[in-house]
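If you read the sequences in order, they're chains X and V. Position one of the first sequence corresponds to residue 4 (my numbering), numbered consecutively onward. Position one of the second sequence corresponds to residue 751 (my numbering), numbered consecutively onward.
One should not assume that every hint holds.
[To be verified] Pair ranges (Cβ atoms, derived):
(1) V/R834 x X/G42: 21 to 27 angstroms
(2) X/L177 x V/D1028: 28 to 34 angstroms
(3) X/R69 x V/T1030: 46 to 52 angstroms
(4) V/E991 x X/A137: 45 to 51 angstroms
(5) V/R1070 x X/Q131: 17 to 23 angstroms
(6) X/Q131 x V/K1029: 28 to 34 angstroms
(7) V/P930 x X/G176: 42 to 48 angstroms
(8) X/K196 x V/D774: 21 to 27 angstroms
(9) V/P1001 x X/R69: 51 to 57 angstroms
(10) V/V768 x X/A167: 14 to 20 angstroms
Rather than coming from a laboratory, the hints here were simulated on the basis of the structure. Note that the Cβ used here is the ideal one computed from N, Cα and C, for glycine as well.
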Amino acid sequence: MDKFSHLTATAAPLNLANVDTDKIIPARFLKTIKRTGLGKDLFSALRYNDDGTEKPDFVLNQAKYRGAQILIAGENFGCGSSREHAPWALLDFGIRCVIAPSFADIFHGNCFKNGILPIALPPEICAQLMADAALGHNARLTIDLENQVVVRPDGTKIPFEVDAFRKHCLLNGLDDIGLTLAHAPAIDAYEAKMPAWQPAITGV
Amino acid sequence: MAGTTPRTLFDKVWDSHVVERLPDGTCILYIDRHLTHEVTSPQAFESLRLAGRKVHRPDATLAVVDHNIPTSDRSAGIEEPESRLQVETLERNVVEFGVPYFPVNDPRQGIVHIIGPEQGISLPGMTIVCGDSHTSTHGALGALAFGIGTSEVEHVLATQTLLQKPAKNMLVRVDGTLPPGCTAKDIILAIIGKIGTAGGTGHVIEYAGEAIRALDMAGRMTVCNMSIEAGARAGLIAPDETTFAYIAGRPYAPKGGALEQAVAYWRTLPTDAGAQYDKTVVLNATEIAPQVSWGTSPEAVVPITGAVPDPDAEPDDARRAQLRRMLDYMGLAAGQKLAGLPVDVVFIGSCTNARIEDLRAAAAIAAGRHVAAHVRALVVPGSGLVKAQAESEGLDKIFLDAGFEWREAGCSMCLGMNPDKLTAGQRCASTSNRNFEGRQGPGGRTHLLSPAMAAAAAITGALTDVREFS
Chain X
4 MDKFSHLTAT AAPLNLANVD TDKIIPARFL KTIKRTGLGK DLFSALRYND
54 DGTEKPDFVL NQAKYRGAQI LIAGENFGCG SSREHAPWAL LDFGIRCVIA
104 PSFADIFHGN CFKNGILPIA LPPEICAQLM ADAALGHNAR LTIDLENQVV
154 VRPDGTKIPF EVDAFRKHCL LNGLDDIGLT LAHAPAIDAY EAKMPAWQPA
204 ITGV
Chain V
751 MAGTTPRTLF DKVWDSHVVE RLPDGTCILY IDRHLTHEVT SPQAFESLRL
801 AGRKVHRPDA TLAVVDHNIP TSDRSAGIEE PESRLQVETL ERNVVEFGVP
851 YFPVNDPRQG IVHIIGPEQG ISLPGMTIVC GDSHTSTHGA LGALAFGIGT
901 SEVEHVLATQ TLLQKPAKNM LVRVDGTLPP GCTAKDIILA IIGKIGTAGG
951 TGHVIEYAGE AIRALDMAGR MTVCNMSIEA GARAGLIAPD ETTFAYIAGR
1001 PYAPKGGALE QAVAYWRTLP TDAGAQYDKT VVLNATEIAP QVSWGTSPEA
1051 VVPITGAVPD PDAEPDDARR AQLRRMLDYM GLAAGQKLAG LPVDVVFIGS
1101 CTNARIEDLR AAAAIAAGRH VAAHVRALVV PGSGLVKAQA ESEGLDKIFL
1151 DAGFEWREAG CSMCLGMNPD KLTAGQRCAS TSNRNFEGRQ GPGGRTHLLS
1201 PAMAAAAAIT GALTDVREFS
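Extracted from the complex, chain X is given alone in its bound form:
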């Protein structure tokens, strides 16, 4: 996983509530055995016409947002399925940070596993950032994870909350599995005490 510490980039405004994971990446694009290459299908239905041509009014099709690395969205972003293809598609497009009033739980967790920082901020703050984002690449936002602030184009600093453990993992690009395996003796001890009634799945 790539580290995340500091990001200064263009933010794209996507002022829609309840953007679900089917909207982020429709199921027909999940037939892959890879994590990469999904960026071209990100927001497919919003982004392309039926004949495959781009919809010029969709935000990520506009020249000033093609290089956006931050997305500002409506409440409950990422609701729906557990597909990690959603953050993979965002990442493959180049998005490293999503700011919204709220996120769905599974999507929120999946972002951290892929070096994407989801930031939840009150709706009125998101509205200000949405207005900043509407200015395009003349108004870049800075995300400072170490100090937990979003810096607006006018220099105003907006503090945000982030889970300390997840912050630590993002800042250092840490692999959870390696961390957990350091506790292997505790897992072995737990397994040694498991109830006898719980059957193993054998003989399939």
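Once you have looked at the hints, place chain V on chain X.
For chain V alone, coordinates are given in the frame of chain X:
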């Protein structure tokens, strides 16, 4: 302290699975059962392989194919190359890593959330995960069951644990008796309509009350299945005699003395008197009518007697934009009545509603009637065993005589990863769980409802109040 502070069902299952609590409160949570399928596992197995890691407990893992497979005759294999590659990749992985597997032509194959309970693999008090958000289904047994992403699939494969912080407790109590014509599906759609798609975010929902207690296990699974549509990663129902009777005799369930020991433990799981919930919502079942969704979010739901709302009445900009987009996508107008809206396709299936009880409810409406001439209607059983049971009861004949298609088990038109999908503009009455844009096929329009309501729509060719069918 355990034993002195009253605890909820969720607290008890959580506490008994904490391997270690890290200084910041993150827990290493032990996972008893890991179910896996072809779509969300290939990248996880690939990463294990690259890191030289093994599956920690193959005997706590079960793999099955469900999302991608055709529901027509499968003896000749899978035609679609990308789907075939995912299935073949899973088949290579289960051999390489020694994971138990139900292949496509095994009679036990089916939708992962149907077969876990059906096989007695999902049991009360367990932690159960799967790379699929509808893992919440298994909470109907009193298990803590939730969907995970592929990185977490890999984490569970490698360690049999997850790094988690406890969710908050939410109680949804449904008092009273459900009126005739209403089902578990109507209960959960009414709940989502009331609390919204983010109403349960950050929480685990425990469903309780007279109307929940009265449900059979299939109904409880339907309710817990759609917890994620209310934003909750997991939904739970306390195990009781209905649960224990369901489990007894299932292939992988404990037997004899082990079952007695297990039941004695399971009886300790229900929430203690006086335990606190962070949030409580109460519904009266007597006020629930058959539900139908009109929009592209599961919260966009009304009774079949209702009408499409007016976006102009919504004060919030982002929400108003979403409502307008919904009406545009669904081809509906503000104020339009739902009853009588013509449908092109009817889908009876999915992990929400493809158990034998669901098929019986649909067959009871279909018996002696015929699907409207302009409608394509599919019945897709949740597993090979559900299909066999239905056939032994003659339900297949009822459906076929009525003009329904009788298919093989799989996820099918719930998400259109296999050839069963809507074409642009088609309107579908569906017993599945999500009505998102393009969910059942690009441009397809989904109306969520119960199996009986779906069967009624197939017969009349339009959204119909099933209570009008006597």
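So, going through the hints one by one against the coordinates:
1. V/R834 x X/G42: 21 to 27 angstroms: At 25 angstroms between Cβs, range holds.
2. X/L177 x V/D1028: 28 to 34 angstroms: The hint (28 to 34 angstroms, Cβ to Cβ) holds, given that X/L177 and V/D1028 are roughly 30 angstroms apart.
3. X/R69 x V/T1030: 46 to 52 angstroms: This hint holds: roughly 47 angstroms between Cβ atoms.
4. V/E991 x X/A137: 45 to 51 angstroms: Taking Cβ atoms as reference, V/E991 and X/A137 lie about 59 angstroms apart, which means the hint is violated.
5. V/R1070 x X/Q131: 17 to 23 angstroms: Taking Cβ atoms as reference, V/R1070 and X/Q131 lie about 19 angstroms apart, which means the hint holds.
6. X/Q131 x V/K1029: 28 to 34 angstroms: holds (29 angstroms)
7. V/P930 x X/G176: 42 to 48 angstroms: violated (58 angstroms)
8. X/K196 x V/D774: 21 to 27 angstroms: This hint holds: roughly 25 angstroms between Cβ atoms.
9. V/P1001 x X/R69: 51 to 57 angstroms: holds (54 angstroms)
10. V/V768 x X/A167: 14 to 20 angstroms: holds (19 angstroms)
Checked against the numbered hints given earlier, this structure breaks hints 4 and 7; the rest are met.
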